[in-house]
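2 protein chains.
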Amino acid sequence: MLPDPDPAAVFDSASAVERLGDGRYAATVQPGWDIGGNANGGYLLAIAGRAMADAVGRPPLSVTAHYLAPAPAGDCTVEVDVVRAGRRMATAGASLRMADGREIIRVLGTFADQQPEDGTSGGGAVLVDGAPPVLPPYEDCQPPTDPVSPAAGPMPALTHRLAVRMRPGDDGFRAGRPTGRAEMAGWFAFRDAAPVDAIGLLLVADAFAPPVFNTELPVAWVPTLELTVHVRGVPAPGPLACVFRSRFVQGGLVEEDGEIWDATGRLVCQSRQLSLTPRGAA
Amino acid sequence: MLPDPDPAAVFDSASAVERLGDGRYAATVQPGWDIGGNANGGYLLAIAGRAMADAVGRPPLSVTAHYLAPAPAGDCTVEVDVVRAGRRMATAGASLRMADGREIIRVLGTFADQQPEDGTSGGGAVLVDGAPPVLPPYEDCQPPTDPVSPAAGPMPALTHRLAVRMRPGDDGFRAGRPTGRAEMAGWFAFRDAAPVDAIGLLLVADAFAPPVFNTELPVAWVPTLELTVHVRGVPAPGPLACVFRSRFVQGGLVEEDGEIWDATGRLVCQSRQLSLTPRGAA
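Sequences listed follow chains C and S, in order.
Here the first sequence is numbered in my numbering, starting from 1 and rising by one per residue.
Here the second sequence is numbered in my numbering, starting from 1001 and rising by one per residue.
Everything labelled a hint here was simulated from the structure, so no lab data went into it.
Small disclaimer: the values here were computed from a predicted structure and weren't measured.
We put the CB at the ideal spot given by N, CA and C, even for glycine.
Worth double-checking, as some hints may not be accurate.
Said to hold, decoys possible - So these bits of chain S aren't anywhere near chain C, every CB distance computed over 12 Å:
| # | residue |
| --- | --- |
| 1 | D1022 |
| 2 | G1032 |
| 3 | T1145 |
| 4 | H1160 |
| 5 | R1191 |
To be verified - Examples of chain S residues toward chain C, derived with CB under 7 Å:
| # | residue |
| --- | --- |
| 6 | G1124 |
| 7 | T1228 |
| 8 | L1267 |
Excised from the complex, chain C in its bound form (with noise of 0.2 Å):
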């Protein structure tokens, strides 16, 4: 993982946000983190919940976004509106507009504090009914790779910005080899091995191929609705070992839920959202 020389590509210059007073903050949609030209959910949460913590002056504990539209890249307009600060969180809301006005993400989310250590070695209760997913080391892992299917379309544009290794046959949709099990697990690392905050863990949570891709349901692209992030730990240096699933699809409708563990194998993240299933191409 050799650092990038385009500021662009690294995550922290990427979404980036600069204060313009009165809870305004002027931030760019980048090109480059996007699907097939409209930007990665995550990465646009990522916008807002950086706006949003600097507003409050704490990192994100749980945030939902609702999605009204695609965002091309361009420059932007984050509103915050500081719903309460307390003495140990804070609630906010957001609005993320492109600079024509189009409104792309409506935001409300709690703020706090959480303390590398508050995690099982913690203080107080602790449960802990789960465990990372099985993952051969990082460097056993493969990059996602380009489609030989013509069916499976373009690589993501995002796919090259990151350092995300696949669990070995979960990539395989790309080559018309679905594993017939609506689950994607792998490795997510920057590019530039940047640690990974609770800001990254915004974009983590929407960072890999929809699980729904790996079976053969006839579902062509997964437009996000809603996505929900519940931020459990600050996660340790290393790569994530993450899992994505998604249990029910009826209606239209699919869900899908993450699971984020550190480098030493504690739960840093946990991730809904909610998306249509249109059978059409994108």
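Given the coordinates of chain C, assemble chain S onto it according to the supplied hints.
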């Protein structure tokens, strides 16, 4: 299940809203829908969700509430902000405040009509990786019983408003006999056997005791920070089979995942909430 003579005990009346114009609604947080004097979180979400649904002319599909302050019984106002009204879906935000101006919850949601046949019997892609909890028939399950253990505290008033029946054993924690597993299951029904619609599901999603009460963890109460409800179908008539599980308690926080299935065995709701796990007594 006999009709209750008190209108305030009937869910539709207890969660009614009166349109004031300009997106504002008047409502009353009724006594008796509370836990220890503070209104149940699902009940509050149902009041706000009903106002939002009225404002956009569609029932809820995915709603998220962030809880800001406990609510005693009393008059309140819901202010709805319609973010987008599309052909099939609408997105809105809302704020519920007591008459003294104190903000209780902030809500963000997307609203859409779903057809009764939109479930597994509907057209398009279908995947169901799960099943309703295994429960004895409604008539063979017991209502929550008043605690014999003083440590369990009084029975929440909310319990008396509903006709919930617990899976045998899952209610034993009230007598000092937790199952040892962070799970609560049972049947949900209204006392007047009224059908449960999408607004009712917002209540059901928070109507059972916290699953951690079935563990030996030193958790005395579980105030909700955030609750997200995805409506996955229109319930058929009859009691709903519900199961709630907590898998991760760490850093002073616990998530709780719910599944609600109708009498025909179809999933009609998924919920997730993030709550605090304080040691102290409520």
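Right, here's what the structure says about each hint:
1. D1022: Correct as stated: the minimum Cβ-Cβ distance to chain C is 18 Å, above 12 Å.
2. G1032: 27 Å, holds
3. T1145: 25 Å, holds
4. H1160: Its Cβ never comes within 12 Å of chain C, the nearest being 29 Å, so this holds.
5. R1191: 29 Å, holds
6. G1124: 6 Å, holds
7. T1228: Hint on T1228 (chain S): holds, closest Cβ of chain C at ~5 Å, below 7 Å.
8. L1267: 6 Å, holds
When held up to the earlier numbered hints, the structure conflicts with none and fits them all.
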